[in-house]
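Chemist: These protein sequences, in sequence, are chains G and X.
Per the numbering used here, the first sequence starts with residue 1, numbered consecutively.
Per the numbering used here, the second sequence starts with residue 1, numbered consecutively.
In short, the hints are calculated from the structure, not lab data.
The structure presented is a predicted model; accordingly, all values stated were derived computationally and were not measured.
Idealized CB from N, CA, C, for every residue including glycine.
Any given hint might turn out to be false.
Per the computed footprint, the stretches of chain G lying under chain X, defined by three or more beta-carbons under 8 Å from a beta-carbon of chain X, are [stated by the list, open to error]:
hint : stretch
1    : 24-30
2    : 34-47
3    : 109-120
4    : 139-147
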Amino acid sequence: MKLGLVVDLDTCVGCHGCATACKQWNTSGTIGPLSDKDPYGRDPNGAWLNRIRTYEVGDTPNSKTVNMPMSCMHCDNAACVTVCPTGASYKREEDGIVLVDQDKCMGCNLCSWACPYGARELDPHQGTMKKCTLCVDRIYDERLPKGERQPACVLTCPTKSRVFGDFDDPDSEVSRLARERGGKQLMPELGYNPVNTYLPPRNKKQQAAYETSGRSVKDTVKQWVNKVIAR
Amino acid sequence: MHPAFSVLVFTVLSGAGYGLISLLVLAHLAGIPQLQDTAVLLAGGLLAFLLITGGLLSSTLHLANPKNAWRAFSRFRTSWLSREAVFAVLFYPFLLLYLFGIYRQGAELGALFKLAGILAATLALVTLFCTSMIYASLKTIRQWNSALTPLNYLALGLMSGALLLAAVQAVAQGGLAAVLQQLALGLVLLGAVAKLIYLFWIGKPAGSTIHTATGFTQASVRLLDQGHTANSFLNDEFGYRVEAERLMKLRYLMVGLAFVLPFMLLLSGQAWLAPAASVLAIAGLLTERWLFFAEARHVVRLFHGEQHT
Ligand code: SF4
Ligand code: SF4
Ligand code: SF4
């Protein structure tokens, strides 16, 4: 099995719901807490396993706003694991999930340096490394109803922009989406072979841009005033 | 990259200590007359011991959870940091045996003590190499991911070691030995050349861009919002920013302190200037190490809006 996520950049609206659900679930999950330094103060700073960035792609009028959520890609070739001196970081044979054993980590930060995707953040209170667990404590929990054995971020996403599944199974929804929508890996040139796949935005009809009349602001205002006075 | 002071101190001091002990053993066993002197050997060995131990202790200061530091020996097969830790510890018994031999027998060592010396010198260089490979093996930082990184660490470690050896010998015997002076001058030149090649090489644009990072390779990409209004671990660790002008000034300072001044002081041949030369070089190398971090740009910065690394 090769478990991971598909993220649809066409439909993601950048609501940060996945990041919030992730923090909520995982702060009391197997690797919790996800602590914050100075949470209500001037300069809060804490561990998050998922972050959303927003880009403008292309130039006006042919530009598009793209929201890009990023969590651990559960890379096939995870250098974050090989650099770890304590053996705290490991990749599971059976499903490819990359995890950090909180009881072994010494907080040297080296794995976060080795990760190209900014997926690892040091917990400011515990001094150990935190990262996305692919909600390993949900997806195998047989006490949950079948439909809820999914990562918290996937369940919460209001636009269904996150899909969880097995990339080794060619008929799974994630494999099908990646195939049909031309799924992409981020920074493939580094050779980490990330599992999480991003679906590029669909090409849509260009919206007609608002045309200005070419008059100056002063003329426009004058025209309005004249109109009002004429009445 | 954020330059953590404890890591700067660690790499510079332990590098100088490893360079010093390996050159000291080499010069001693090669039969250089000024080094057949118990006082010089013991003083040099002790200085190396202090520098290395101080450096290693400083390195544990940057761990956020040091109570698990003992586990760092467990991934020798894959992790350069683990290898560094193993070799750094393995080095000590041989160093102590060698120094014990000198203490008991003077400069005329028996075969066992000689062997311990050779092993200590070798392990010193191997440890220094492992330290450099921690940085050189990271594909995420193009300024480090190069054979020039181990070359620089080894050259600069040996250079500061040679300056310290000359200083110890000059102070202990009241006059600078010509052969040690020439060795140090040669290594300062080598270090300067290695550093200048490195600075030239990192100046060329290369590596990942915001386009390969986001997957939009056919249009311009600009960051609109990084997703958090306050700071984050990623910003603190990787977002370190220094103005180009200040970097340039520090580069000149580094070349002056680490290479030019020590070279000139040593060229004078005055015994009393040799310690000054090594102190200046260490200060210069601290600047060098600071720049090594400050000028390294991690690919995560691309996601935070930088166009290239
Ligand atoms: S995304 Fe980063 S933390 Fe996750 S497996 Fe890849 S290298 Fe490791
Ligand atoms: S911070 Fe922890 S998990 Fe990461 S490399 Fe160091 S010991 Fe391993
Ligand atoms: S899979 Fe779980 S841990 Fe990973 S980003 Fe989603 S909610 Fe967070």
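Chemist: Each of the hints needs a verdict: does it hold here or not?
Modeler: Each hint tested on the structure:
1. Residue count for the stretch 24-30 of chain G with a Cβ under 8 Å from a Cβ of chain X: 0. That is fewer than the three needed, and the coverage hint is violated.
2. Beta-carbon proximity to chain X at under 8 Å applies to 4 residues in the stretch 34-47 of chain G; the threshold of 3 is reached and the given coverage holds.
3. Residues of the stretch 109-120 of chain G lying with their CB closer than 8 Å to a CB of chain X number 9, which satisfies the three-residue condition for coverage.
4. Counting residues of the stretch 139-147 of chain G whose C-beta lies closer than 8 Å to any C-beta of chain X gives 0; at least three are required, and the coverage claim is violated.
This entry does not satisfy hints 1, 4, going by the numbered hints stated previously.
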